[in-house]
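J.: Here the protein sequences line up with chains W and B, keeping their order. Position 125, counted from 1, in the first sequence is what my numbering calls 125; the numbers after and before it change by one each time, with no gaps. Position 315, counted from 1, in the second sequence is what my numbering calls 1315; the numbers after and before it change by one each time, with no gaps.
Note that these hints are calculated values from the structure, not bench results. Fair warning: this is a prediction, and the values are worked out from it, not measured in the lab. Hints may contain errors.
[What the hints assert, rightly or not] If you only want the chain B side, here are some residues facing chain W, beta carbon under 8 Å, derived: (1) S1074; (2) F1155; (3) E1156; (4) L1160; (5) M1163; (6) A1175; (7) S1178; (8) L1181; (9) K1205; (10) Q1207; (11) F1210; (12) I1253; (13) D1291; (14) S1325; (15) Y1329; (16) S1344.
Where a beta carbon is used, it is the ideal one built from N, C-alpha and C, also for glycine.
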Amino acid sequence: MKLDPQEILKQLARTVEFGKINVQTPYPPEMKGQEGAAELTLKALESGLNPEAVLQRGLMPGMQAVGDKFSRGEAFIPNMLIAAKAMNAAMEHLRPLFEGGDMTYRGTLILGTVQGDMHDIGKNLVKMVMQGDGWKVLDLGVNVKGETFLQALKEHPDAVVGMSALLTTTMLFMEENIRILRNFRPDVRVFIGGAAVSSEFAESIHADGCFRDPHSFARSFH
Amino acid sequence: MLKRRRWNPDFSMLASVLQRRPASRPVLFEFAFNDRIITQLSAMPPDPSADRIYPFRRLIHSFYNGGYDYVTISAWRTNTLAFPKNIQENVRARSLDSGNLITDRSSFDSYPWPDPAVGDYGLYQDLAAELPDGMKIVASSNGGLLENVIDICGFENISLMTMLDPELARDIFDAVGSRLLRFYEIVSAFDTVGALIMNDDWGFKNQTMFAPEVLRDFVFPWHRKMVETVHRSGKFAILHSCGDVRAVMDDIIDDMAYDAKHSFEDQIYRVEDAYSWWSDRIAVLGGVDMDFLARRSVAEITERCHALLDLSAEKGAYALGSGNSIPDYIPDENFLAMIEAVKSWEGAR
């Protein structure tokens, strides 16, 4: 029986939300033996849906759903990781179709953990959520110096910048980084995150904001 | 060099705190000092050529002179149980994803699992000759269960493994947990040891690292056994766990039966709140926030410490200390203000 494309998209969103990667993967147990994000993506394309629709109306709502649950404390980082894995399995089929330049992004985010700090789980979550929300993310990694953020901004002058720090000691680099970036582009929007930082600290160093979780950050651009 | 203190060390003071009874004077609690503070408090410089006891003599003198009733000895300072890892030790910050030594059944089988009974456990007895009267050791392992598993496997890898290959994940947790249990069995048997710290970070800023049901499945059963072992030896069990663990506090108190909780951060919840929520059920240790200690003035630190001592004076169940430890970025004068606060508070009573 041929499934309705809308029904396929709904199922696809569910597989991403719950982290059902493909038919073989045993997680979640209640979806054992069912098709996962990989198979449903192929099915969606076969049904005549274009790649943009599969991404925007199937995969992204799934990531948004798990992100919403994460914001409410109903999902945990491992749930976000497996959702991202399901999304990646789907993207394996979509990516070649986007290579012709069909994909439109909400914007570009330059992302990195600041100098002296090697913590990357929070940063990686922001990356996953923002990619799932339609952003092009330029991940500079960990231990990123101000000059490296600046170089990336020079290459992507319309980008916004996200800096992460876990430590009280390393968050102090953020102020200097903002100064370096604003010397080049005074209106660049810079956001900070990580265990050590607070809205009060963001205000004190003239950052544009600090968010409690990655999804709130993504939502702030909607 | 041992200095004269306002009062003699008396482990029963910490014991009173851990039993949630008022102590007859304020009690200090700290997990670890940076080496600069150890040198300053002990007046003994590091000496790599000294005998095996010397580093612990420095440590004991620093805790003694600081006004503590015990010395904390973490297993990373000793030649006892340690799990081989792929990470850079002794760095200020590192990724939770730098492990990846065990990724599948084959790497699990070939991992060089250490024998927990092999090591210089005699040290814990030999230190009896070094401990001033009244002082005991508060011992901890070289990282906790979840911490070691994350270090061995990497956070992302073990996160996905609990879902995609739960049998292998369970074998890893059990392999680490059973060895840590043996460590605690051995160490808690020494007369010199008065309490044990199980140091295992479970939380991020907003929530636990894993869903509570995952922690209950893979992690908590081993902690319950470790606490049982420690209690059977007549010793106290202290949990040091960073991050937001509110969702599992009932497990910590009722199921695992820890005597005390250590590690608090203002950005998650203030220790003052933790004290009001939980001190009828579990002792609360430390909690003067690290950022507060690092960046506030001596006067502000003294004021907060006095307020904490006021808050807990009647009921007890509290020992004053930092939210985590004293790393080298805490200004010495701020740390000293915290330990001096017990004296000025006592003097003002």
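J.: Run every hint past the structure and note whether it holds.
T.: Checked hints:
1. S1074: violated (20 Å)
2. F1155: The hint holds - F1155/B has a Cβ within 8 Å of chain W, the shortest such distance being about 6 Å.
3. E1156: holds (6 Å)
4. L1160: Hint on L1160/B: holds, closest Cβ of chain W at ~6 Å, below 8 Å.
5. M1163: holds (4 Å)
6. A1175: violated (20 Å)
7. S1178: Constraint on S1178/B not satisfied, violated at 24 Å.
8. L1181: violated (25 Å)
9. K1205: Holds: closest Cβ of chain W sits about 4 Å from K1205/B, inside 8 Å.
10. Q1207: holds (5 Å)
11. F1210: Cβ of F1210/B sits 6 Å from chain W, so the hint holds.
12. I1253: Hint violated; I1253/B Cβ to chain W Cβ min 20 Å, cut 8 Å.
13. D1291: holds (5 Å)
14. S1325: violated (13 Å)
15. Y1329: This interface hint holds because 5 Å falls under the 8 Å limit.
16. S1344: Status violated, d = 26 Å.
When each numbered hint is compared with the structure, violations occur for hints 1, 6, 7, 8, 12, 14, 16.
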